[in-house]
Amino acid sequence: GDDAGAGDGDPGPLRIGYQRFGGLSLVKARGAAPDAQWSLFESGPALTEALKAGSIDLGEVGEAPPVFAAAGRIPFSVVGTSAPVPQGEAVLVKADSPYRTFADLKGRTVALNKGSNVHWLLVRLLEANGMTLADLEVRYLKPAEGRPAFDNGQVDAWIIWDPYFALTERPDVRILADATGLASNRQYLLASPEVLASRSAELGTFLRTFREVTDWGIANPDERAKVLAPELKIPEETAHRALARSAQPLAPVTPAIGDELQAIADGFVALELVPGPVDIRSRIDERYGEVLR
Amino acid sequence: MSGTVLAEAPERAARPAPVRPGRRYRPGGRWRRAASPVLLVAVWEAAARSGVLSPEKLPAPSAVLATGWRLARDGTLATHLLDSLTRAGLGLLIGGGLALLLGAVAGLLRLGDDLVDPPVQMARMLPHLGLVPLLIIWVGIGESLKISLVALGAFFPIYFNTYAGIRDIDERLVEAARTCGLGLLARLRHVVLPGALPALFLGLRLAIGAAWLSLVVGEQVNAQTGIGFLMMEAREFSQTDVVVLGLVVYALLGLLSDLALRVAERRTLTWRRGLRAS
Amino acid sequence: MSGTVLAEAPERAARPAPVRPGRRYRPGGRWRRAASPVLLVAVWEAAARSGVLSPEKLPAPSAVLATGWRLARDGTLATHLLDSLTRAGLGLLIGGGLALLLGAVAGLLRLGDDLVDPPVQMARMLPHLGLVPLLIIWVGIGESLKISLVALGAFFPIYFNTYAGIRDIDERLVEAARTCGLGLLARLRHVVLPGALPALFLGLRLAIGAAWLSLVVGEQVNAQTGIGFLMMEAREFSQTDVVVLGLVVYALLGLLSDLALRVAERRTLTWRRGLRAS
Amino acid sequence: MATRTARELTPAPPVLTARAVRRAFGPTTVLAGVDLDIAGGEVVALLGGSGSGKSTLLRILAGLDREATGETTVHGTAAVVFQEHRLLPWKRVAHNVALGLSGPDVAGRVDRALAEVGLADRQRAWPAELSGGQAQRVAVARALVRAPDLLLLDEPFGALDALTRLRMQGLLRRLRAEHGFAALLVTHDVEEALLLADRALVLDGGVIAEELPVPLGPTRTPDDPAFGALRRRLLDRLGVPTP
Amino acid sequence: MATRTARELTPAPPVLTARAVRRAFGPTTVLAGVDLDIAGGEVVALLGGSGSGKSTLLRILAGLDREATGETTVHGTAAVVFQEHRLLPWKRVAHNVALGLSGPDVAGRVDRALAEVGLADRQRAWPAELSGGQAQRVAVARALVRAPDLLLLDEPFGALDALTRLRMQGLLRRLRAEHGFAALLVTHDVEEALLLADRALVLDGGVIAEELPVPLGPTRTPDDPAFGALRRRLLDRLGVPTP
Ligand SMILES: Nc1ncnc2c1ncn2[C@@H]1O[C@H](COP(=O)(O)OP(=O)(O)OP(=O)(O)O)[C@@H](O)[C@H]1O
Ligand SMILES: Nc1ncnc2c1ncn2[C@@H]1O[C@H](COP(=O)(O)OP(=O)(O)OP(=O)(O)O)[C@@H](O)[C@H]1O
Ligand SMILES: [Mg+2]
Ligand SMILES: [Mg+2]
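Residue numbers (this note's numbering), protein chains in the order written: chain A, 1 to 293; chain B, 1 to 278; chain C, 1 to 278; chain D, 1 to 243; chain E, 1 to 243.
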């Protein structure tokens, strides 16, 4: 196994799990944390699975994965978050489709990734429109599968996040709704209990770097797009557009954040989308508040 | 000269032990095959009970059994199993049928070999699971996607075994059949098919495995039912016991299909026992 | 009485056509195998050019080729390919070696059959790709995960073909070797191995395919390199040309490995040509 | 090198004609131009050393060798008994005999054919359960049951004991008298050739090196002085010293 | 039912002893209690009808049948020539002969053995390229080259023409005189049995039904009146009508 490190002697590098778009990509792309060992994950659930297996020490995910992970009794703590990014996820339909509001999708097929931030957005959208899950034909598709299905008209709408969102945003695609006013769509930093116990300071240093890089990116959006486009292998212009709305500054976790997460968890439990009850409030770890403030 | 021909025979035992012992009746023979699976499960349970194996890494067999019982009682297991079996069966039928046809054409006809075999050899290495994005475009995200994946998975083992089975038939027997006035179809039925049957059975064995494999991936794309979906869902909530239950179900299906194939083989390949004994 | 024995012979052609034409030299024989792949590509290109096939559904071969050339020139393709090949090679070595060993034990020894075969039959149906969540827990998410998946994928075809190949050996030849004073090891070397070789080759063919298949899934879990990763990444960004390029690379690898196996077969199985001709 | 048969002028139309049959395996030429005619109802014995090309010639005449050159024509139906029995291992004895047989009462004909070769009780045996001689007799039954115009027999009685061999020879003679089929009989046994054949050929050096009419009556015994003379002549031609 | 050999009291120690050998295939008993001793250097011919159990007995004596009952002991080494040639199809002729051979100059010994059976030029041929008689001779060479104490031969010359057969019989006689091996020779040819054997046995009804010492000198010919008498007696026992 390559997950040596949680042992005695040389603890090895910090093992960071990141997704294609989260703020951590920029840290990796700029080479700001040369000692870290990076693992790329397709989605939040895949990342929390590695967290459970003890294969990574820290990872960044969207809104829903912490809830699903907590429901799965995966040991982790939430050590950081970001400012809300409600424009970073949206419901997309074809431009020539008749749907004007989300309620028009009643009885239609909607694709989304299960257990991701968009899953929570769906819950909120249903709630806001007085609908239930039974009113839609939900198709759970990963981003890589959702795109061809959406492009080929096999689903009527696709709920997706950046950068897939920005990549799909073309003249023949229309945004039906985004998360504004419905969900915060924050990023969450999850850390394994072992690393918090034994390498807390090291993690703090890393988080400081993370914060600095994020702030630099917000201050230099053009350069940020230049650095990230080749790393993500997407056009610079698309990267620019997506980053402009989705890259928000980091923020410390607070009891208020815990309440927000708990509300999400309770919402999922109420819909029986996760087996309850889920106590996620207690997963909040505020020790890095100063670093991220 | 002959003096040297017969000289210096090397020292050796007059009766070396046979490569394979005879197939005569052995007491408890039927149950001996159960020994190692039972032992395996026992060791696993003991390891889990003693705490050597943490339940997150691998839950105890008894825990898996309890989960299985729970899901079986409320009917969940049956629904999922039925859906998976239907998909696997349909896919096997389509993929296997096509493989049998093309394999026979390539194995029997020179022209068929030249035309059919090269594309198949190219396609052979296409990991059909890598085709998922293209398949979504071509056949959609519904049942046909799952069935296509199963059919693709089942195709290759059957094709290759059909081809090899036909190629390996003793040509002298085909000649004998020709001199008995058997036409092409009759030769197929009386010589080629029975001669290739052992290879076909092997292909079927491998194809059944490949079918499940494809299904487990296929059922992760927009499925609401099926054992693959059940496992996938459990994986999301880290319900290792359900994941392992899914695996146990697969294992049992493996044993069952093996049993069925063994019976079928015993029936159709009786003549081989004669070969053995002789 | 004999009067009836010889009565009423059915009317039939004196010389029915042979099941398989002779293997004599055919002009252009070597290139005939290229016909259908070339035709396939030509039709595909024509369909793309004429607009029958939209580039999103399937980009034209020329477009794929251009992408390939671009990625080849900047070295991307070579890096990814090398990594994938390393993983596939290691996994094949480990899984294939183990399969050969266990297959031989089960095929040769009665006891080995009773102990080894039932667990393998159970495991056979375990879709190893369904094991990913457990494998992540056991071996982590690094290279060992990918190599384990390949090894698991390669194991079964080789195991089953080894087993069947050994079982199908003409026992009369084994007897003859025994009376020539060959011990167990010598019989293995001189009778069992050459007799099972055609089946082993078939197993290897299927195992190579299974290895790639496993890799394509394995390289979706925390990989930064490999053809599977390349395709995965392209999938996420809907770069169909790169996806198809990946498939083309796989197809070419399929053809190459087939060619290599054909050469190896021709070398080691010369004696079969004699059998054919006789 | 007298390769034409002396019977060419007799009225019986030839059931087999072969002209300039040549066959080489790589550099070695096995058949260097064989001409052969067999008239309807004629039994021809083919003798020759081990490896002289008898089986090769038979396969060519049966139309099984596509790499041989020359012309062969069979008028009517032919049945073959190969040097090895070539029974299908996956068919029971009776089904092996019935292979490709059609017409009325197949089962009855098969029964009777097996009874003729003394294997009435082994109908349901698998070929792998037969002794060498039994398998050979089943192969003979498989050929006889089809009532062909021409029988091509490659050492059909090689694995049989003296008594069974006599019986089989008797059977062949009787069936031939009844049905008048022609036969090409490859044999190593000079006496068998003289007992059964109208003509004996010796294959040597890739050609028919010797042709010997056997003008003996239908009831022949080895005690016949003419038989003895022919026997000596044939053995002589085959290089076997005779006392 | 005289199953014991008359030579039991002679000084030559037995190279093979078999007692109460029984073998049944399902309901049919093929061997119903065979007793057999072969003294060192003795050649015993085994005759019997087709399907009488000769090959079955040979396999048992070679230690290849685990389902037979009774006792068999071979003192020294044994080599077998089976009724079918059983050459490994994936080994060239020379390698088939050399199979399992060790000691000095294997290549030379193989060369000479193949030369003895007249196949010096087919060393590099594949078994599938041999004629029936050639394959059989390779199998004989494979047995002879091992210089065993006991040769078990199942119709070793069945597929050979008269001349080659005579040569092989001569070879066997010469080698035996030189090396004094014992042999059990299954044959259908009564003359061959009388030419080669010290004793002839007839297997019938699952037991050794007849035992016939062959008190002829080392230089035997069929013209010998004693030979003729023995021949008639044997044929008679086999049920073949003699004139
Ligand atoms: N496939 C082959 N490749 C090369 N040589 C071959 C092949 N088949 C036969 N031969 C050779 O051709 C010659 C004639 O073989 P054939 O089987 O016709 O002999 P035969 O007269 O039937 O001998 P026998 O009496 O021993 O059966 C032999 O020398 C044999 O080695
Ligand atoms: N595997 C088997 N199953 C059933 N019966 C068998 C099997 N093997 C042999 N037999 C029967 O046993 C009897 C003796 O066979 P065996 O081969 O010993 O005869 P044989 O004396 O060698 O005859 P031949 O001279 O024809 O070679 C035959 O009737 C045969 O059918
Ligand atoms: Mg021959
Ligand atoms: Mg026999």
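Hints are computed from structural coordinates only; laboratory data are not their basis.
Be a bit skeptical, because a hint or two may be false.
Estimated spans, in silico, between C-beta atoms of each pair [claimed, not checked]:
| id | chain 1 | residue 1 | chain 2 | residue 2 | range |
| --- | --- | --- | --- | --- | --- |
| 1 | B | 40 | A | 270 | 14 to 24 Å |
| 2 | E | 25 | D | 226 | 40 to 50 Å |
| 3 | B | 98 | E | 205 | 49 to 59 Å |
| 4 | D | 108 | C | 39 | 37 to 47 Å |
| 5 | D | 67 | C | 252 | 55 to 65 Å |
| 6 | D | 226 | B | 172 | 20 to 30 Å |
| 7 | A | 270 | B | 70 | 47 to 57 Å |
The calculated lysine-lysine pairs, modelled on DSS-like cross-linking and capped at a C-alpha distance of 27 Å, are [what the hints assert, rightly or not]:
| id | chain 1 | residue 1 | chain 2 | residue 2 |
| --- | --- | --- | --- | --- |
| 8 | A | 106 | A | 233 |
| 9 | A | 28 | C | 57 |
| 10 | A | 94 | A | 233 |
| 11 | A | 233 | A | 28 |
| 12 | A | 106 | A | 94 |
| 13 | A | 226 | C | 57 |
Sample of chain D residues lacking proximity to chain E, with all beta carbon distances greater than 10 Å (derived) [what the hints assert, rightly or not]:
| id | residue |
| --- | --- |
| 14 | 37 |
| 15 | 51 |
| 16 | 95 |
| 17 | 105 |
| 18 | 120 |
| 19 | 131 |
| 20 | 179 |
| 21 | 199 |
| 22 | 209 |
| 23 | 210 |
| 24 | 215 |
| 25 | 233 |
| 26 | 239 |
By construction, the Cβ of each residue, glycine as well, lies at the ideal position given by its N, Cα and C atoms.
Problem - Assertion that residue 120 of chain D lies farther than 10 Å from chain E (Cβ) - result: holds (13 Å)
Problem - Satisfaction of hint between residue 57 of chain C and residue 28 of chain A, Cα-Cα up to 27 Å - result: violated (34 Å)
Problem - Non-interface claim for residue 179 of chain D, where every Cβ of chain E lies beyond 10 Å - result: Nearest chain E Cβ is 25 Å from residue 179 of chain D, so the label holds.
Handout entry: Verdict on residue 233 of chain D as a residue remote from chain E, using beta-carbon distances over 10 Å
Key = holds (13 Å)
Handout entry: Hint check for residue 226 of chain D and residue 25 of chain E - Cβ pair distance inside 40 to 50 Å
Key = holds (47 Å)
Practice task
Decide, holds or violated, for the assertion that all CB atoms of chain E are farther than 10 Å from the CB of residue 131 of chain D.
Solution key: For residue 131 of chain D, whose nearest Cβ neighbour in chain E is about 4 Å away, the distance does not exceed 10 Å, so it is violated.
Exercise for the section: Confirm or reject the statement that residue 199 of chain D sits farther than 10 Å, beta carbon to beta carbon, from all of chain E. Expected result: The claim stands: residue 199 of chain D keeps its Cβ more than 10 Å from every Cβ of chain E (closest is about 18 Å).
Practice task
Measuring Cβ to Cβ, find out whether residue 105 of chain D lies farther than 10 Å from everything in chain E.
Solution key: holds (27 Å)
Practice task
Starting from the range 20 to 30 Å, see whether the pair residue 226 of chain D and residue 172 of chain B falls in it by beta-carbon distance.
Solution key: Violated: the Cβ-Cβ distance is about 40 Å, outside 20 to 30 Å.
Problem - residue 40 of chain B versus residue 270 of chain A beta-carbon gap, inside 14 to 24 Å or not - result: violated (43 Å)
Problem - residue 98 of chain B versus residue 205 of chain E beta-carbon gap, inside 49 to 59 Å or not - result: Given range 49 to 59 Å: holds, Cβ gap about 58 Å.
Practice task
Given the hint that residue 106 of chain A pairs with residue 94 of chain A, test it: the Cα-Cα distance must not exceed 27 Å.
Solution key: holds (16 Å)
When each numbered hint is compared with the structure, violations occur for hints 1, 4, 5, 6, 7, 8, 9, 13, 15, 19, 26.
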